Amino acid sequence: MVSVINTVDTSHEDMIHDAQMDYYGTRLATCSSDRTLKIFDVRNGGQILVADLRGHEGPVWQVAWAHPMFGNILASCSYDRKVIVWKEENGTWDKMYEYTGHESSVNSVCWGPYEFGLILACGSSDGAISLLTFTGEQQWDIKKINNAHTIGCNAVSWAPAVVPGSLIEQPSGQKPNYVKRFVSGGCDNLVKLWKEEDGQWKEDQKLEAHSDWVRDVGWAPSIGLPTSTIASCSQDGRVYIWTCDDPAGNAWTAKLLHKFNDVVWHVSWSITGNILAVSGGDNKVTLWKESMDGQWACISDVSKGQGAVSAITDTQQAEQ
Amino acid sequence: MAARWSSENVVLEFRDAQATTMSVDCLGSHAVLSGRRFLYVANLEAPSELARKMSRQSKWDVGTVQWNPHRSQAHIFAASSNQRVDLYSWKDGGGSVHTSLQGHTRVISDLDWSRFEAEFLVSSSVDTYIYIWDIGDARKPAVALSAVAGASQVKWNRRNRSVLASSHDGDVRIWDRRKPNTACEYVAAHLSKIHGLDWHPEHEFILATSSQDNSVRFWDYRQPRKYLNILSCQVPVWKARYTPFSNGLVTVMVPQLRRENSLLLWSTLDLNSPVHAFVGHDDVVLEFQWRPQKEGCKDFQLVTWSRDQTLRIWRLDPQLQKLCVSDPADQPTDGASAVAETDKSPASADSEGQHARVAVGPHPHDRDGVSRAGGGRDSAAAASSGLAQTLQQEFSLVNLQIRNVNVEMDAVNCSCVVSAHFGTHQVRLLMKFPGQYPNNSAPTFQFISPTSISAAMKTKIHKILTDVSLQKVKRNQNCLEPCVRKLVSCLESDAEDGPSSGPFVLSNPVAPALQAFPRVVNTYGSYQDANIPFPRTSGARFCGTGCLVYFTRPITMHRVAPPTEPTPRSLSALSAYHSGVLTPMKIRSESQNALRLYSGSPTRADKDTVSISSFYYKERKSRRFKSKRDVGDGRSIKLAGKVIVQEISCLLPVHKVLGENYVLNTRDTEDTCQKNAAAALAAGRRDVAKVWALASAATGRGLSPDSDPDAEAPWASHPFGRNLLETLVEHYSRMSDVQTLAMLCSVFTESGPDRPHAAPQAHPARYPGPSEPAVTFACRDTPEQAGARSESPEDGRHGNQGHADLREREQHDMNKRLLNPTGAPQFDDFKKCYAEILYRWDLRDKRADVLKFASCPAEPHQGVGLRVLCCHCGSPSRGTQCAACKRLSFRCVVCHVSVRGSSHFCLSCGHGGHTAHMMDWFRRQEQCPAGCGCRCLRRSNF
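Which chain is which? The protein sequence lines are A and B, in order.
Be aware that the first sequence starts at 121, since it is given in our numbering, and climbs by one per residue.
Be aware that the second sequence starts at 77, since it is given in our numbering, and climbs by one per residue.
Possibly wrong hints are sitting among the right ones.
Claimed, not checked - Lysine-lysine pairs mimicking DSBU-like chemistry, simulated, CA-CA at most 35 Å apart:
1. B:374 / A:315
2. B:255 / A:379
3. A:315 / A:379
What the hints assert, rightly or not - Quick list of simulated restraints, FRET-style, between CB atoms:
4. B:193 / A:207: 41 to 49 Å
5. A:381 / B:524: 25 to 33 Å
6. B:951 / A:163: 49 to 57 Å
7. A:326 / B:280: 47 to 55 Å
8. B:757 / A:214: 44 to 52 Å
No lab work stands behind these hints, which were simulated from the structure alone.
Note that the coordinates shown come from a computational prediction; the quantities given were computed from them, not determined experimentally.
Positions of the beta carbon are idealized from the N, C-alpha and C atoms, including for glycine.
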């Protein structure tokens, strides 16, 4: 049964903009308009404040945990145009790197799959997307896609590391030839797919369906199936599910998940990629699941914090 | 001091300063504010410090105040008070008048320090004289310029030490102080009074004048007949000043037009529309100055003082500065010079600072005169022309790239036409914007032909649109975009409901309409936050494997706006809650206790500080809300909600308990299947239990395929063979049940007699885990041994014997496998995905079990390997026998006999020998038997 296992009182002094747990689900990072990040140890239903990170000069919009194989690393982005990478060493959290290459608010940060190494994508209101790659020895390699989205970029999300055309057998003994891809959404109402070719980032696809700013994009985790799935949500209240069966990744089809009455701010995929959590301006969180025949249905509404997950009923479906 | 949602970063409030003018010193560290009773000196470096006060005894307001722009004299400032100029010196937090310059017989209108000589100051007065003072000799003016008419402004040229300009009603006179008898040039600049005068920072002959006649004009005084350029503002311009960076100009409106509290930034290369508006002041801006730039800082800072009694510092980042450099493609040379300008500016910060020292104080009498004269006459005209401005701004900012909708905007006629096609319907709607728009006056809506919707529908839409627009204009907000979006949603829902709804007709796209405003996207982003998305105040994320982390706004925080209205798109919407536009709300918040705007700044020094939380208001402990939850009455207001972690693993197709209980026994597949079936049943997965029963049957001994291709057809070709399995895989793929998929694939890979890539060196735990060190110590002596010890079944060697037809046999090998071999890479992906999940569950052994069955080769071994140096010839060898001298390569350190079988080494000192001897030795000893002194047991951690 679905149950609340922890309720964390963050004591942030202003509104919270993001909360995320680490890989193992033992620690929780939150960020807020009060310009701080906090890290809590939430094992066994407890809440111990591990760190209170100050360094941003504006509201902090988003946090992202890196894969634990690189250590305990957290990235944050803020209105102050900065991206800060924090690292825990010997129990204390410190700035590992500060990136100031954007000229406006940085709205989204996302770590790439661990197969690519320590690589961070950042989307900013100056329209650019930066890709920061850790090259060791405190060095970061920076690639910037200027004017990725006119007016501004609101969200970035990495594709899982899958070998293109995974159905073709790999020659044995060779390192799998991963292609780095990610998706972004912006104020030009577009969802764009990016691909690295010969070390250069290129626009791969441009997905049009939204009629207002795209607020979030989420590339679904892969469980080994050849289909790629992306969710996007927008100021227009719509959530689209984009799928692509084509191994070349060119033929994307959109399916409207639902039209909400208010802006949809965030989409998040479950680890198996079959449940989508949707949240937005209406202060509600809904969970959506794809049925066996490919239809999306709302399976719960956790907005009240009661944790009641109801079965899909006809009335609910009629409402949707 | 509080953070603001705009480009300003410091706000200082001086509640009862009543200062009329302000000046920033050339070091950028102090600002002086002149009130009637006190002069305040604020420390800009430490804005939170209390400002120092200097009392002054005068019944006159300070007309103009200005710091000396020379570093050597940076502590001196001049303040004019009626007919006198007082020179103050500011030292160590205190100041006093040290000299007074007396000579004028009527009120002084303006003063200006020379940029070239620290001791020279010019003052102008309505007594028709302009005096140049040498402050070393304060008894009388050094030079007197007689102008017949009273002067309102006087400014030194920034390039030529002798030249200065003064304004007299609508005229400008250029003077050379070496020829004081008469002005050297007259410019009939404006028809109405000139309020502001500013020399170009780089060009000696160019100046800008701002006037009551609603324009700013740019002049080369060598050609006084014709202005170089004109900026039409539709409202009287109080001051227009060049920016310290290239091609910029900042204007501020005449104070009595109280509607306009913003400063506008223009590019002098394109005067059609401002590039930015500094929005924030609640009342008119009285003075603005550039703060000298800090070393190495790319941002410029603008210091403003407003009648709302706040001093603000605004940051102009390079992006904003760039907006002033029109289109770089059009102006390659200008662009380049602008870049160079920005680059060198830190070095020339000092001189920039000096340039910026232009203080023009409105004399109280002057200003009142202006407001009396200008207010009544111009306000109507100003309002309507101002409307075109606001509308144009709104038009260019709207985001209406909606399918099937076309909006033709006509700012000049204050109207726009919205055309939409939905289904078979066509709608054409004319919106007309009244003169007061958007200040509590809504536009009118009128359907024009060829609108094809029913009359009832028209009435309905009309009502809805009126409601929407009223909601907006009540708060003095723009309503075009909300109206169009509402119209679209009405039509959409109608098209879906209506029986006659046909396929969507794609109308011509919006592009043509937008071309009327080619600079729509970036340049006109006059509010800097207009392109920053409105922050999320709630969110949900799946984390770990089975957790949902979510946070929402505290339930006591309610939207200020009615809930029917969507949450705004961009952060600039917040400025409405701050800049005083939102007066109805403020009045309400003061009159009713239940409503209040809350500050969100960490210091909470300023109650009106705008934060995201300002968009929401908090329901105070009204009785209705006093439920059990509100026990903590006395607690401070919580702006941050709680973060809730919810266990949702029951919704997922994978189960941790199954991960723990599943087994993969390579020797007894049937037993594996039965155990797994029991585990699935215990976990409540009856479907999976059945699958395991089927798997058990399919892998039964009776069905194992014959190695001879000529025997009966293998079970795989039976409908319950490969077909059944494929159906199962497809089914669980659709369920995203990667656990079942990976387990099935592992079991059936197992039962297949050969694995496509199972190289002989298959090693159980060789697949590098995400956080395991990539280095594996291969402690085996020989690869052969390792292969033999591997538990992987390697019964496929018969293929090597190959006396039958090899191709036929290969075909048979393929055919008899239950899992289709062509899907192997995908099955591997299932296993890898499942392994990743097991890793998150901290089930590393299980993970290794599953990865054993992955056929995809691991990354080639690049870790540390061990070699033996031959004890006879010293050459390295891999086996027991040396490749060079063909003798057994090493001897046991205990018995000194060559070792053939198993051996054991210390990884620290490299000594070792027969495993039995070494075990025996170390049972009693700690040190190496070789006598090298190494404490092998302690140092070998392997």
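Hint by hint, here is what the structure shows:
no., hint, verdict
1, B:374 / A:315, "holds, 33 Å"
2, B:255 / A:379, "violated, 77 Å"
3, A:315 / A:379, "holds, 30 Å"
4, B:193 / A:207: 41 to 49 Å, "violated, 56 Å"
5, A:381 / B:524: 25 to 33 Å, "holds, 30 Å"
6, B:951 / A:163: 49 to 57 Å, "holds, 55 Å"
7, A:326 / B:280: 47 to 55 Å, "holds, 51 Å"
8, B:757 / A:214: 44 to 52 Å, "holds, 51 Å"
Comparing the model with each numbered hint stated earlier shows that hints 2 and 4 do not hold.
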